[in-house]
Each structure stands twice: as C-alpha cells, then as structure tokens.
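*Asks:* In case you want the letters, here they are:
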Amino acid sequence: MRWTESDIAIYEKEREYVDTAVLPLIPISMTSSVKTTVSMGEYISIISGELERQLKGRLLLMPAFTYLQTENSESRVERLKQVEEELYQGGIKHIITLSADVEWKQSEAQLSSALLWMPAIPLEHMDEQYKMETVSAQVKQVLQFVTNTWQSNTNS
Amino acid sequence: MAKKNEVTRRQFLNYSLTGVGGFMAAGMLMPMVRFAIDPLLKEGAKQDFVPVMDTSEITNKPVRKEFKIDQVDGWYESEVTQSAWVYKDEKDEIVALSPVCKHLGCTVDWSSNPAYPDQFFCPCHAGRYTKDGMNVPGTPPLAPLDVYNKKVQDGKLYLGKPEPR
Numbered sequence: 001m002r003w004t005e006s007d008i009a010i011y012e013k014e015r016e017y018v019d020t021a022v023l024p025l026i027p028i029s030m031t032s033s034v035k036t037t038v039s040m041g042e043y044i045s046i047i048s049g050e051l052e053r054q055l056k057g058r059l060l061l062m063p064a065f066t067y068l069q070t071e072n073s074e075s076r077v078e079r080l081k082q083v084e085e086e087l088y089q090g091g092i093k094h095i096i097t098l099s100a101d102v103e104w105k106q107s108e109a110q111l112s113s114a115l116l117w118m119p120a121i122p123l124e125h126m127d128e129q130y131k132m133e134t135v136s137a138q139v140k141q142v143l144q145f146v147t148n149t150w151q152s153n154t155n156s
Numbered sequence: 001m002a003k004k005n006e007v008t009r010r011q012f013l014n015y016s017l018t019g020v021g022g023f024m025a026a027g028m029l030m031p032m033v034r035f036a037i038d039p040l041l042k043e044g045a046k047q048d049f050v051p052v053m054d055t056s057e058i059t060n061k062p063v064r065k066e067f068k069i070d071q072v073d074g075w076y077e078s079e080v081t082q083s084a085w086v087y088k089d090e091k092d093e094i095v096a097l098s099p100v101c102k103h104l105g106c107t108v109d110w111s112s113n114p115a116y117p118d119q120f121f122c123p124c125h126a127g128r129y130t131k132d133g134m135n136v137p138g139t140p141p142l143a144p145l146d147v148y149n150k151k152v153q154d155g156k157l158y159l160g161k162p163e164p165r
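In the order they appear, the protein sequences are chains A and B.
Count the first sequence with UniProt numbering and you get residues 1 to 156, in order.
Count the second sequence with UniProt numbering and you get residues 1 to 165, in order.
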C-alpha cells in the first residue's frame, strides 16, 4: 500500500494483515556528486515501487527517509531510529529499509529494521525492455528477502 | 404594379428574419445538444489491446508476462506495468489471469509453495487459487482471480482489461 489517502483507508480497515513497512533511504546533495546521489535515489525508488506492487497487501510503502550527504552518521541513525520507533508504535512488526548508499551498511548494527543494501545500477542508457528485465530480476531477490523475513518470524 | 413573382417588402422581411433567427437559434442550441450527448459519444472509446506474446510460446504451464499500459490517474498520466499468467487449459484454449490477489492486492505466484505445486500462491497471507483461478476455500481470498479480455491476431496474443468473474 502506498502513502495515499485511499490506500491508508484500506490499511486502517485491514491493519491485522499489514505488518510490514518499507522505508527507502534517499540521500540529498546539490553541491557535490549530484548525479550519483540522484541515481541512488531513483534506483531505490524504482525498486521500492515495484516491491510495493508485488506485495501490496502486506506492505506499507512509506515516504522516503531523506538525509543530506553531509549529515554525519550518528545524527542520521538517531533520526531513523525515531522513525522506526514511531512505526513500531503504530503496530508495524517488520521494517525493511532500502538503500543504495554504502554508508548505511556500517550503521546496520544500530538499527532494528532489516537493512537491504544494493548497489545502484545506472538505468539511464538502457533500453526499455532490458531495463524492465534488470529491475524485475533485482526485485525477485528482494522479494525473496522479504518473504524470508516473514517466515523466520512466524517460525520463531 | 407588382408582378406576380415579385417579392413584396413584407415577404422579404419575413424571410430574412426567419433565416437570421433560425441561424441564431441553431447557434445557441447546437453546443447545448453537443454537450448533452457528449458522454454517449465518449463511451465509444475502447480499451486498447496490448500485444503480449506469440501464441506459439504458450504451453499448459502458466508463465508470467509483463506488459505496459498507459494509465491516466487524475492529472497524472503514467505507464503502468501489468502482469498476466498465461497458459493453455485442457481444451487448448488460452487463459490469461490477472495475478492480483483478490484479498489485498499482492501478486500471486504459480507453484511457489512446495506444499501446493499446482496452485497459485499469494506470499502475503498464504492465499491460494487453483489453476483455473478459483480461490481455495479456507484461505483469505474471497473471489476468483480476474480474467483478462483477450484476442489473438496474426499469431500474437493481445490482452485488454482484466474483468472480475
């Protein structure tokens, strides 16, 4: 489900079925390596959008968590933790954070959400057919990760 | 003396007034009528069929095919990816099912659950459908999967809109 009024109305009704939030982590920079930053964000947006389409009924795709490239990691982590806290309070059981920024990988241990890091693939020059194949191959892997998260928690 | 065929002043004025008045009335009524019947004319616009795959590729095992359609959502026009599960049933007829689970809209997968190899399985809440798209009682979905409108032309399968059963 998306962060829209109509989807949230369904969410309110079916709360018991929706226990997972997807949170894209998207960096912002206007001064240095702008293009790389944008390509990370774009790629993560595409992947999380596709993920939402496939697992619409159990996922809530949150508005992206944005941060400045210059923000230090303690403060980012601190802010992200607050978001996590809020989501858990709201009844979400699994939080999946998606990022193409390798810096998050180092702070992974401090987070309670499942961080999924993947390198951004530049889609800019690909033709439409190839682009779709690349993205759907990636999404397949991500799906696997998400369903595994669900299974490991129901078994434990 | 007026000749028989000559038009009198009175007649001339009558004719020209009716003529001009008629034009004015028509000018006013035409747009009104056009507006009134406009919805009727619009309904003729049909959902476009999109080529999806060659019919020769279709087997009795469901395969997932992705295709793009244009969707207008309010003021936002976009290309949306849609998928279909395509296969041939026992009577050798092509079946195209929408993969959208009727429970909460996840995408169902063919035989992804080892326990139920011949069913569509929804990874979100373990909903199941038999091969013909019927929901398995006792699982969350309450309706069978939608079926795509389809047509075959020049050896290609074209899909239109998914219709509920």
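In case anyone wonders, no lab produced these hints; they're calculated from the structure.
Backbone N, C-alpha and C fix where the C-beta goes; we use that ideal spot for every residue, glycine too.
Among the clues, some could well be false.
[Claimed, not checked] Here are a few chain B residues that face chain A, going by a calculated C-beta distance under 7 angstroms:
no., residue
1, M32
2, F49
3, H103
4, G105
5, W110
6, Q119
7, P123
8, H125
*Asks:* Starting from the hint list further up, note which numbers the structure goes against and sort them upward.
*Replies:* 1, 2, 5, 6
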